[in-house]
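Visitor: Residues per chain, in single letters:
There are 2 protein chains.
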Amino acid sequence: MEKRFNYEQLFAFTVTVLEAMGHSKADAKLGAEVLISADLRGVDSHGVARLRGYIRLWEAKRMNAKPQVRIEHETPSTATVDGDSGLGLVVAPKAMQIAIEKAKNVGTGWVAVNNSNHFGIAGYHAMMALEHDMIGIALTNATPTTAPTFSKQRMLGTNPIAVAVPTGSQPAFVADFSTTAAAVGKLEILQRKQKDAPIGWLQDKEGVPTHDAHGLKSGGSLLPLGSDREHSSHKGYCMGAVVDILTAVLSGANYGPWVPPFLAFMPMPQNPVGKGIGHFVGAMRIDAFRPAADFKLNMDKWIDAFRKAEPIDPKNKVLIPGDLERDFSQDRMKNGIPLLPAVVDDLQDIGKGFGISLI
Amino acid sequence: MEKRFNYEQLFAFTVTVLEAMGHSKADAKLGAEVLISADLRGVDSHGVARLRGYIRLWEAKRMNAKPQVRIEHETPSTATVDGDSGLGLVVAPKAMQIAIEKAKNVGTGWVAVNNSNHFGIAGYHAMMALEHDMIGIALTNATPTTAPTFSKQRMLGTNPIAVAVPTGSQPAFVADFSTTAAAVGKLEILQRKQKDAPIGWLQDKEGVPTHDAHGLKSGGSLLPLGSDREHSSHKGYCMGAVVDILTAVLSGANYGPWVPPFLAFMPMPQNPVGKGIGHFVGAMRIDAFRPAADFKLNMDKWIDAFRKAEPIDPKNKVLIPGDLERDFSQDRMKNGIPLLPAVVDDLQDIGKGFGISLI
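As given, the protein sequences belong to chains A and B, one line each in that order.
If you count the first sequence from 1, position 289 lands on 282 in the working numbering, and the numbers rise without skipping.
If you count the second sequence from 1, position 280 lands on 273 in the working numbering, and the numbers rise without skipping.
So here's chain A without its partners, still in its complex pose:
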């Protein structure tokens, strides 16, 4: 049913599409690399399947293909960046680069970004820090889909957190997770398989927990990590709120229910409170705290201890954050990236619009 495409093929196609939209060669390459890193890492919901969504934002004039990413304000360890309505896929790595330069100078760098769009997978941006022996952090707010504890109103996005930590001989530790019980991509998988969602992922428009994997379409909302009050959904709500505040209240982007939706056909919120959506990225130089070699030795030891933690079922060993995504990446680099027929058709159709062939 699925067909596999090799990385270079999807990369070249995406670069050509982004250039046809007006992006510079450099921005097109950067955006394509970030986008397809999601397909490689098994986060299919954030990869080429989403290219159409970005094009629709551009068609709706909500996305600028020639952004002048600009520092609005800075101190030695911080900056606020205006993404000029650019593709988040391009804006966020540029912000992360600024954070890395600041960390080189004063130990850490923290960049709040306003006026951006969806930035793909958070993990990509956090991982940029690794080659510099830095810990990388990337947060973003997103389309309101999630109700705070006790509410039935969509006030927050899935607001992911990514943290990448360098290691020695072990592969890097890369945590990349939404602050909801389930991310939208998980629902899409169930929708395609026509399966129910577990109770605890969604509630309907009255706030009643539901199995309906299509629940968002009928006015329902996602639940914060923790799922219900008894299991501490207020903690998931707290985390989503902190992400919203750092990415948007601190940067001057839109926050809470005012975040512009990713889907271009959805109405824009009235009376915006800021510019575009917001990101927050950070880099911390390991040797600003202790010698990098000591740290890496101890990270290897940390990982080794957790891998060996006694499993409940010997067939399911403890995973280290990043393990699954790395396995996907290795397989897909070698054997190609599987795309569903509907995604292939959509990419062909996109290609047709720009006079490019996918194959």
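No lab work stands behind these hints: they were computed from the structure.
The C-beta atom is built at its ideal place from N, Cα and C for all residues, glycine as well.
Hints may contain errors.
[As the list claims (entries may be wrong)] Here are the in silico distance ranges between beta carbons for each label pair:
1. A/K(-4) <-> B/Q263: 24 to 32 Å
2. A/Q263 <-> B/Q184: 48 to 56 Å
3. A/R319 <-> B/K188: 42 to 50 Å
4. B/M261 <-> A/K186: 19 to 27 Å
5. B/K308 <-> A/Q187: 53 to 61 Å
Knowing the structure of chain A, use the given hints to seat chain B on it.
Guide: The following block gives chain B in isolation, referenced to the frame of chain A:
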């Protein structure tokens, strides 16, 4: 059943006890203020009820009443601090003070602390940033109680995260939560009431979910926020892991299963991988990103919008992180801090040991 004591009374008593242990007047006052801030904020498990635990650590020579808190390494935005085996209640505010000074100079300050002990409630330390118009962050690792997803072994503590955010006319936003489905204090409440815990808080020593609120005593473990794989306990595990890495692998403290237990009668882990337990605190100057007045105006708007989010049950409105604790604090400052008879007896007994009367 419970008896109320006024703040000044408990403060004076705690100062005297800490001085009798050998603390300087200044450290005794600081430690008492941090400890009793937990009682004020309704986090009874981390307040004076825990004084006995600190004394036992001191008696076991695991806690130094005359610590020379020392910067081991620093850059303009970072420092690594050796807590000299001091009371975390005293070490952590000193580390936070360093973070605040660095933030004044270069926009943000981040301090990793090794060789410390339990630091009380995380929220106190994060809130120190508020009066400087800074966002405050405080993390700590803790006694291993929690199993990573798929494991039955205690590898992490409840590893809390606190984030305090300044506001304008609204009261401050203060999130302070453990990264487990339930903190130990919640279990203690159930134990006293002889009630069962909900499934999703604990598992027994074989990794089977259990209702037993005493489950930790029989080799069980706490579950990460999310409770089970289907409800994304791997995200709670990721958060707890990130806290462990920042507080201990980065600082040079013990991490994972090597964290020294708070209970002095429990055996110390063999072959320590660092010094004491670890904290990580940070301060970010708001005007390093945007003018503080603009930020506060928008934080007020954020809070107002979330307070007004449509409730499921009109009797349970959406709470802003910090609301409950502030209500407790106001009530207890006015009407006294309620202590259980067992806690009062224990404090009387502690007083007797040092020749001090509680009343």
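Visitor: All hints are to be evaluated individually against the structure, with a verdict given for each.
Guide: Evaluated hints:
1. A/K(-4) <-> B/Q263: 24 to 32 Å: Violated, since A/K(-4) and B/Q263 (Cβ atoms, about 54 Å apart) do not stay within the stated range.
2. A/Q263 <-> B/Q184: 48 to 56 Å: Because 51 Å falls inside the window, the suggested range holds.
3. A/R319 <-> B/K188: 42 to 50 Å: Because 43 Å falls inside the window, the suggested range holds.
4. B/M261 <-> A/K186: 19 to 27 Å: 50 Å, violated
5. B/K308 <-> A/Q187: 53 to 61 Å: 38 Å, violated
Of the numbered hints given earlier, the model fails hints 1, 4 and 5; all others are met.
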